[in-house]
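Knowing the structure of chain A, use the given hints to seat chain B on it.
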Amino acid sequence: MIAIVFCIALGATAIGAPAGASQDDTNATASGPPVPPAPAPVRQPDGSVADLDAKLVVCDPDAPPVSGAGVTSIFEPESPPSREIRELGFLVFAICIGIFVVVQGFLVLAIVRGIRSRRAAREEGASAEPTQVYGSVPIEVAWTVIPTIIVFVLTMVTIRTIRDIDITSPPEDALEVIAIGHQWWWEFRYPDEAGEVVTANEMHVPAGRPIWLRLESADVIHSFWVPRLAGKMDLIPGHTNYTWFEADRAGIYLGQCAEYCGTQHAHMLIRVYADEPEAFDDWLAAQRKPAIEDPTVAEGRRVFAEYACLNCHTVDGTSDGMFGPNLTHLASRDTIGSGFIPLNRENLRAWIDDPAQLKIGCNMPSLKLDAAELDAVTDYLLTLN
Amino acid sequence: MQWAISVDHKKLALMYIGAGLCFFLVAGLEAAFMRLQLARAENDVIDPETFNQLFTMHGTTMVFLVGMPILLGFGNYLIPLMVGARDMAFPRLNAFGFWLFIFGGLLLYFSYLGADGLYGAGTAPDVGWFAYAPLTSRTFSRGNSTDYWILGIMVSGFGSMTTAINFIATILCMRCPGMTLMRMPMIGWMMLVVAFLVLVAIPILTGAQIMLLLDRTLGAHFFDPETQGSAILWQHLFWFFGHPEVYILILPAFGFVSEIMPTFSRKVLFGYPLMVAATVGIGFISLGVWAHHMFVVGLGPVLDSFFGATTFLISVPTGIKIFNWLGTMWGGRLHFTTPMLFVTGFVAMFVIGGLTGIMLATVPLTWQLSDSYFVVGHFHYVLFGGTVFGIFGAIFYWFPKATGRMLDERLGKWTFWLLFIGFTLTFMPMHVSGALGMPRRIYTYEADRGWEIWNLISSIGVPVQMAGVAIFLWNAIRALRRGPVAGNDPWDAWTLEWGTTSPPPEWNFDRIPTCTSARPLWDRKNPEDPDAYYE
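Residue numbers (our numbering), protein chains in the order written: chain A, 1 to 385; chain B, 1 to 535.
Think of the hints as simulated: they come from the structure by calculation, not from any bench. You can trust all of the hints, since none of them are fake.
Ranges between beta-carbon positions, derived for each pair:
(1) A:R122 with B:N488: 21 to 31 Å
(2) A:A174 with B:P301: 15 to 25 Å
(3) A:I111 with B:R511: 35 to 45 Å
Simulated coverage check for chain A against chain B, where a stretch passes if three residues somewhere in it have a Cβ under 8 Å from a Cβ of chain B:
(4) 131-140
(5) 216-230
(6) 256-265
Using N, Cα and C, we set each Cβ at its ideal position, and we do this for glycine too.
Same shape as in the complex, but just chain A (with noise of 0.2 Å):
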C-alpha cells in the first residue's frame, strides 16, 4: 500500500521535471560558463547563462576555453593530484574486478554443482548425506597466504601514492591561496605584499601554476572537494590543514562542501575559474582596486551604509563585516549565494529581499526593505566590479 502511494509520489515528481531544466543543460554546454539554473522564483525564461549579459558590466569578454561544463566526475582529472588518483583507481578497481570475478565464479558454479548433485541424489532415491568435507589444510593456508600477498601489494603501492601526493610543504613557484569555510559560503584569500585580495565562493587561479591551498574554518567542519582538481580535504576550526592542485588547463571546475556543515550544506558550491596566467595577473590587478565609487548610485550606497549589510560585509572604503563574503568586487563575479544562482539583477534583487526565500536557513537576514532601497542597494551592489 505505501509502496504504492510512494510510486505514485515518485512519477508525479519525475513527470513534474520542468522542461526548463533540461533547456538549462543544453545552454550550458553549449555556450561558455556554466551557470546552475536558479530556483522557480527567478527562473530566466531563456535559460540562465544569457543572464550574465544582464549585468552592467560583462566582466570578461574573452572567456577562457572552458573544459567540460558541470563535469565533477572523478574519472576526468585535469590536475596531477586526481590524476594519480584516478590511475592507483584503475589499478586497484581491476585488482577488485579480478577478484570478484573469481569469487562470484565459483559461487555461480558451486550452487550449480550444488543442485545438480540434489537433483541426481533424489533422482537415485539416495538418501545419505553428501560427504562431510570438514576442512583442508593446504587449501585453507593458500586462501589465508594469497590475498594476504595481494593485500601487501595493495598496501605498498597506496604508500607510495599518499607520499606522492600528501606533501607536507608547498611545491615550487606555488601559488598560496586560503580558503576558509563558513556556514555555507566559501572565502578565498590570497595573500600578497601588494595587498591581500578576498573574494568569495568562486576562486580564481592561474593555470598551470600549483596552488598551495591552506583550509580553515570559521565555524564547522567543512571539506573542499573539486574532484577534477584534487581529493578533498577538510577545512576543520583549529586545525590548519593544506592541499595542493595544479590545473592543466584554463576553464571553470566546479565543486562543493562535502562534509555535512548543517542545513545548507547542499548548497555550499565551489567554483574554481582556472585563467591563463596573464588573465589571472589582470583579476589579480582588477580585484586589489578599492571599491568603485559610482555617484550616480550614492543612495543604494548610503542604504547599505545605513542598513545592517555592514555588520558583516566588506565593501573597500565602505565597511568592514567579516561574518558574509566581500562585495568589494561583487559584480566581478558569476554567481550568488554561494554558487547556485547566477548574478543578475533580478536575482540579486530577490536574493537582498529575502535570502530565505531562495536558500532555506541561510545566515543572512531578510532586511524588509521596501522596493525603492531594494532597487537602490541592488543597483549599487551592481556597480562593484
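Frame of chain A, contents of chain B only:
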C-alpha cells in the same frame, strides 16, 4: 502483561526482534522520503531541515534501534538454546537491558514531539548519525534535539552493555556438558566476539556523549575549538566506537550464514578452527582501523598509511570467511529454501561491499570518494546486502522454532527476489553518482552534473523493496495465524535448538543435553559416523 514482566530469554528476544522490526519500518520510511526528494535534481518536496533530520534519524535508527536490537535479540534467543542452557546467566539483567533499549529508542523518537528547536516547533536531531563536533555545540545546534540524540543513544547503549555481559557469562559459564568452546556453534563464537566488542566500544561512545553533554549543558569545552577544545577528538572517540560497531553489526550475520549454509548444503561448516581464528582476528583488528573514517581530516601521511594498511589487513580474515562458506557449499546438495536464498544473497552482496571496502582502504582513492555517494553505496552493501539479508535469512530459518509455524516458502521467495532486485537498483547506482562527484547528505543537487539518472534509478528501487517487506509482513501475520505446524526439526538441522520442541518450553530442555561434537544432532542422527571421529 506476561511479556512485560518476563525474564525469559526467548520472550525478551522476540520483543527485541519485534521492536527492531518496527523501528526498521520507521527508518525505512525515512529513507523512502529521502529517495523521493532526490529522485530528480532541484526537487523541493522536502525542505532542507526536514531532510537533514531524515538522514540523521534514518542512520541513528538503523544502527542503534534496528541492527543492534535485532542482532542482540537473536543472540538472546539462540545462545542459551544452542549451548544447551535453561536461560541466560542473568535473566533479570537481561530484562533490564531490553527495557533500557526500548526507553532509549522512544526517547530518541520523542524528540519529534519534545525537542523545541530553533523555530519553536518540534524537531528531531539533524546533526548526522556521527554528529561531528562542533556542529553539535550549542552555537550551531540550538534547541534540545541534539540532547535527545545523546540521551536516547546513551540509554540504549547501557542496555547493550548489560546484554554483552550476559552473553559473555552465558557462553563462558553455561555450556552444556561436553560442549567445549571449540564445539560451540559458530554463532556462539560470533556473539562472544561481538559481546567483547560491545564492551570495548560502547563505553567509549558513552564517554564521548557525556563529554558532549557537558559541553552543551554545563559549558565544558572538550570539543569546542574556540577554547582549545578539539573537534577532531570527537571523531577519534566516535570512530573508535564506530568501526567496531560495524563489526558488531556484521559478525552476528556471519553467524547466521555459518549456521544456515551448512544445513541447506547438507555439509558440515568448512574449516571451523580457521573460522574461529578469523572471527577473533576480525575482533582484534577492528579495534585498530577507526581512523580510516578520517582520511580527509588531514592526519598526515604516516597515520593515513598505517590505518590504510590495517584496513587492508582486515580483508584477509573477512575473505577467509567467504572462502570457507564457499567451501561449505562446494560439493554439497543445495536446497534453496528462503533462508538459503538469503544467505547466498548475503555472500554475493557482501563480496561487493567488501571489494568496495578495499577500494576505500586505498587512501588516495578515499580522498576522492570519502563522504560521497560511493561510500553510501559501499556501507549499504555491507549493512543491507550483508546484515539485513542475514537477518531475513535468520528470521525465515528460526521462525518455525520460535513460533511452531512455518512461513510460506513461495511468499518468502517473492520477498527475497523483490528485496534483491530493489536493493541492487537502489544501491548499485550510488557508486556511480559518488564517482561522478555527488557528496552524501545533500538535500538537493544541481541538474547539470549528470547525477539525475542515477538518483532516479536509486529511487525506483525503493518501492520494489517496500513491496518485498510488505509481502514479508503479510507472510509473518498469515503464518502466525494459520501457518503449517513446523515440528521440532523442520530443516533436519544439527544444532541443539532443533532438539527441543517448537516453540521451546520456558525451561528450554527437559533434560540438559550433552554433546560430543560441534553437531550434537548429527551425532544422534548418524550414530554410525559421528562427528566426534573427526575432531
